[in-house]
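Asks: Each chain sits in its own coordinate frame; assemble them with the hints.
Single-letter residue listing:
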Amino acid sequence: GAGVSQSPSNKVTEKGKDVELRCDPISGHTALYWYRQSLGQGLEFLIYFQGNSAPDKSGLPSDRFSAERTGGSVSTLTIQRTQQEDSAVYLCASSLGFGGGNEKLFFGSGTQLSVL
Amino acid sequence: QKEVEQDPGPLSVPEGAIVSLNCTYSNSAFQYFMWYRQYSRKGPELLMYTYSSGNKEDGRFTAQVDKSSKYISLFIRDSQPSDSATYLCAMSVLPFQGAQKLVFGQGTRLTINP
Chain S
823 GAGVSQSPSN KVTEKGKDVE LRCDPISGHT ALYWYRQSLG QGLEFLIYFQ
873 GNSAPDKSGL PSDRFSAERT GGSVSTLTIQ RTQQEDSAVY LCASSLGFGG
923 GNEKLFFGSG TQLSVL
Chain B
1375 QKEVEQDPGP LSVPEGAIVS LNCTYSNSAF QYFMWYRQYS RKGPELLMYT
1425 YSSGNKEDGR FTAQVDKSSK YISLFIRDSQ PSDSATYLCA MSVLPFQGAQ
1475 KLVFGQGTRL TINP
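Keeping their order, the protein sequence lines are chains S and B. Residue numbers for the first sequence follow the working numbering, so the first one is 823 and each next one is one higher. Residue numbers for the second sequence follow the working numbering, so the first one is 1375 and each next one is one higher.
Pulled out of the complex, with its shape left as it was, chain B reads as follows (with noise of 0.2 Å):
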């Protein structure tokens, strides 16, 4: 089982829906949660970045912890065609310091249809 687990989709959605991408995982010691997104043929580049649970929100983007059921969320509101990417989850026990402490989830690939 690996340490983190996301639903490699791929996810297509018409646009202006909500989505919800979503990461388990099984070492109950993460405590920093993170979300990446990644264009076609780029790098990943941190979208978001949330310590321990709970909700933090950043314009269309929701990122949610919910450390008892060991569960992440992204959500995207009034999503747009520009948000077509693949979505990356990464975590940490100790606030990021070196990658090799950084475990990544497969990622989710999202269409947004205009």
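In isolation and in its complexed conformation, chain S is listed as follows (with noise of 0.2 Å):
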């Protein structure tokens, strides 16, 4: 497919174990960033990946969660030590990244991860 894919789509996890979510990009987006929706929440900025600068880890809310993007293209969020609060949509997304403004945005269908 063309779209951004992201897997697994659902993720079901106990309280302390750790995740990894991934996303495959647009192929030829240099850009990628992870996001989280949690219910009733607007989507949170977790962290940017630009060609091959140092990612943007700003909005991490923790030193739980760490991203990596290999090559320049998969990309894989890793939560450690899992906390009910992290349950929530995490949504992957890319863009061509050449700058220039208003880059549009592709969403993947995202990962919705429970923690019980």
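Don't take each hint at face value.
Capping the alpha-carbon separation at 27 Å, the derived lysine-lysine pairs in DSS-like fashion look like this [what the hints assert, rightly or not]:
{"hint": "1", "chain 1": "B", "residue 1": "1444", "chain 2": "B", "residue 2": "1376"}
{"hint": "2", "chain 1": "S", "residue 1": "926", "chain 2": "B", "residue 2": "1376"}
{"hint": "3", "chain 1": "B", "residue 1": "1475", "chain 2": "B", "residue 2": "1416"}
{"hint": "4", "chain 1": "S", "residue 1": "879", "chain 2": "S", "residue 2": "833"}
{"hint": "5", "chain 1": "B", "residue 1": "1430", "chain 2": "B", "residue 2": "1475"}
{"hint": "6", "chain 1": "B", "residue 1": "1430", "chain 2": "S", "residue 2": "879"}
{"hint": "7", "chain 1": "S", "residue 1": "839", "chain 2": "B", "residue 2": "1475"}
{"hint": "8", "chain 1": "B", "residue 1": "1376", "chain 2": "B", "residue 2": "1441"}
{"hint": "9", "chain 1": "S", "residue 1": "926", "chain 2": "B", "residue 2": "1430"}
{"hint": "10", "chain 1": "B", "residue 1": "1444", "chain 2": "S", "residue 2": "926"}
{"hint": "11", "chain 1": "B", "residue 1": "1376", "chain 2": "B", "residue 2": "1475"}
{"hint": "12", "chain 1": "B", "residue 1": "1441", "chain 2": "S", "residue 2": "879"}
{"hint": "13", "chain 1": "S", "residue 1": "837", "chain 2": "B", "residue 2": "1475"}
{"hint": "14", "chain 1": "S", "residue 1": "833", "chain 2": "B", "residue 2": "1441"}
{"hint": "15", "chain 1": "B", "residue 1": "1416", "chain 2": "B", "residue 2": "1376"}
{"hint": "16", "chain 1": "B", "residue 1": "1444", "chain 2": "S", "residue 2": "833"}
{"hint": "17", "chain 1": "B", "residue 1": "1376", "chain 2": "S", "residue 2": "879"}
{"hint": "18", "chain 1": "B", "residue 1": "1441", "chain 2": "S", "residue 2": "926"}
Bear in mind the hints are in silico, worked out from the structure with no lab data behind them. Bear in mind the structure is a predicted one, so any value in this text is a computation, not a measurement.
Replies: Written out as structure tokens, the structure is:
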């Protein structure tokens, strides 16, 4: 498919376990973003990758959250020692990332994370 | 107080009605305004984008910005059941070049009843 692909679509885990969420961006998109969407909340920015530049991690809520992007393509968001408040939909988006303003974000369908 | 406020709804209207969705914001520096539509279990998709004040029309959709009141609206004419979704407003100070500068509202859940 040509869209942003996320896996798994649903993840149920126990409190204290680690989880990994995967994102495959659109081919050729150099910018990749992770957002968190909690019930009744807007999209909360987590982290932003642009090409080979150092990622902007300013939105990560705690040091239990980390993300990497390998080969400028696939990204993995890792949450260590999950807590119940981590339960949310985690959305990945990509864009062309060439600047110039008003880039269009393409979102994946998200991973619904439930921490029991 | 959140930078962007949006009534979460839910909002339920009959098919064919005119729908008005709104956001207010506190940062007067915002200049770029977007509306995203999010269907259930899907990611948001960009619906409309406007710069500064004024109106922009695209088919049945009209985006309106009133910077003096710090208020933006999305109007849907002749609403259809397929318009049922969550609508999120988003805005930024500069031309959007990085998600960290894009601020989203909470989203309004809209249902169009046949």
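Asks: Check each numbered hint against the structure and report the violated ones by number, ascending.
Replies: 6, 7, 12, 13, 14, 16
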